[in-house]
Amino acid sequence: MAVKKGLFKTSVGRKNLMAFTGLFIIFFLVIHLIGNLILVIPNSFFPIEFWNNVANGHDMYNAYSHFLVHFWPVTIVAYILYVAIITHIIDALLITLQNKKSQGEKYIVTDNSTSSWYSRNMGILGTVIGVFLVIHMAQFWLQYKVLKVEHDLYELVLATLKTWWFVLVYEIGIIALGFHLVHGIESAHRSLGIYPKKIMNTIKYIALCFSLVMAILYAIIPIILYFK
Amino acid sequence: MKLTLKIWRQENAKSKGKMVTYKMSDLSEDMSFLEMLDVLNQSLAIKGERVIEFDHDCREGICGQCSLVINGQAHGPESHYTTCQTHLRSFKDGDTLFVEPFRANSFPVIRDLKVDRSSMDKIIQAGGYISSFTGMAPEANAIPIHHDIAESAFDSAACIGCGACVATCKNSSAALFVSAKISHLAKLPQGKVEREERVQWMVNAHDNEGFGSCSNTGACAMVCPQEVQLIDITRMNYEYNRAVCHSKE
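As they're listed, the protein sequences go chains A and B.
Okay, so the first sequence: first residue is 675 according to my numbering, each after it adds one.
Okay, so the second sequence: first residue is 25 according to my numbering, each after it adds one.
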């Protein structure tokens, strides 16, 4: 029988690719969150000018974003990230297409009590995140990094998040991300075959706590900025 | 007790099926679900109608031949049961039960509730065996195996190949079935000889038979009559990645 070699070719292999790209995107999400938190640092946190004319959150955030755009190793990682996100999406589509083909006729009665809704609907959650990502990147990434029409990113963020329905879009995207992470982190470890039972149970709880912390921290930032 | 059955009737693999309603009365709650179908079939035979075809064999919960999805649950409402071990006491008097065949593209319906699960046999043929001398059974203690490892291997070996995991999986993946065999043999010294080839052969056979990939929702392990654990799938993924990265030379 012809054996498909390689880490990424079979039904098991394609899930490896999802796991690797997913975990890399999570690494980025942590960095992105740290950057975002600068937005909500109160000005009283800066008693003196402590680094390179940075005396408040506004200056620090702009200095940080300027650094990200102009420091070349970050640019390389950014390109790896774009590839990871696109691979994650394409691989998900390929897997879903195969899975749809594998399904037989639909059941007349289905019972979903044996699994969580978010683990069954990773594709829908991913689509919500994808739509959110397009809106999000059109607002900031396109304006600031590509078109370079806006130079004060802090003001751009603040102005954008003064619209209530943009805040709502952000909250929806973040909630979807939170649920996507809860299942995604556990599933990624399972797909990569990290199997000792004790470790697997620990990963399950870490995934839950991590996703909760990430979602809450991401979610409060637009709300704080809206009322700022 | 009384039950209303809505049963999937389908002439053959090519024809379109539909649900047909049968009203049953004077049932004992001590009857097994399959005994109730026997009673129904007898009444159909007396009327001269074609009986409902369904899979069954040992009726002791050990052969893996019975199937059925009852109200959306593979093997009925009791967790970790086979259909033949499900009794009418699991239902309430006057209940309406929807009885459907196991559904997956790789499990074509033969007739009514009977499906062709030979795709699973092909996966086993691809690597679910060990190389061994033929002849007399070897001395049981010739190869020392730790008690815990033997027990753990047996937990995976307990798979009866009923296909409830496939029927339940939203992707119709047979990952739990494949991983049970791979885990069973990977744990034991006898299985180590073909360890790398086996997992690749079986995963490839699984894909070639048209099963989907695993989303780790865990639904399969919740319905498995033999309580095969989800961790076996994770172990299979480890074995697969190890085999791909590991070269014998």
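Just so you know, these hints were derived from the structure itself, not from any lab.
Check before you lean on any hint, since a few could be wrong.
Stated by the list, open to error - With a cut-off of at most 25 Å between alpha-carbon atoms, the simulated DSS-like pairs for lysine-lysine come out as follows:
| no. | chain 1 | residue 1 | chain 2 | residue 2 |
| --- | --- | --- | --- | --- |
| 1 | A | Lys780 | B | Lys71 |
| 2 | A | Lys878 | B | Lys194 |
| 3 | A | Lys775 | B | Lys71 |
| 4 | A | Lys780 | B | Lys38 |
| 5 | A | Lys775 | B | Lys42 |
| 6 | B | Lys194 | A | Lys780 |
| 7 | A | Lys775 | B | Lys116 |
| 8 | A | Lys775 | B | Lys216 |
| 9 | B | Lys116 | B | Lys30 |
| 10 | B | Lys194 | B | Lys216 |
| 11 | B | Lys138 | B | Lys42 |
| 12 | A | Lys774 | B | Lys40 |
| 13 | A | Lys780 | B | Lys30 |
| 14 | B | Lys216 | B | Lys40 |
| 15 | A | Lys683 | B | Lys138 |
| 16 | A | Lys774 | B | Lys42 |
| 17 | B | Lys138 | A | Lys780 |
| 18 | B | Lys216 | A | Lys780 |
| 19 | B | Lys138 | A | Lys774 |
| 20 | A | Lys871 | B | Lys216 |
| 21 | A | Lys822 | A | Lys836 |
| 22 | A | Lys774 | B | Lys146 |
| 23 | A | Lys774 | B | Lys38 |
| 24 | B | Lys71 | B | Lys40 |
| 25 | B | Lys216 | B | Lys38 |
| 26 | B | Lys47 | A | Lys775 |
| 27 | B | Lys116 | A | Lys774 |
| 28 | B | Lys194 | A | Lys683 |
| 29 | A | Lys775 | B | Lys38 |
Exercise for review: Starting from the hint list further up, note which numbers the structure goes against and sort them upward.
Suggested key: 1, 3, 7, 8, 10, 14, 15, 18, 25, 26, 27
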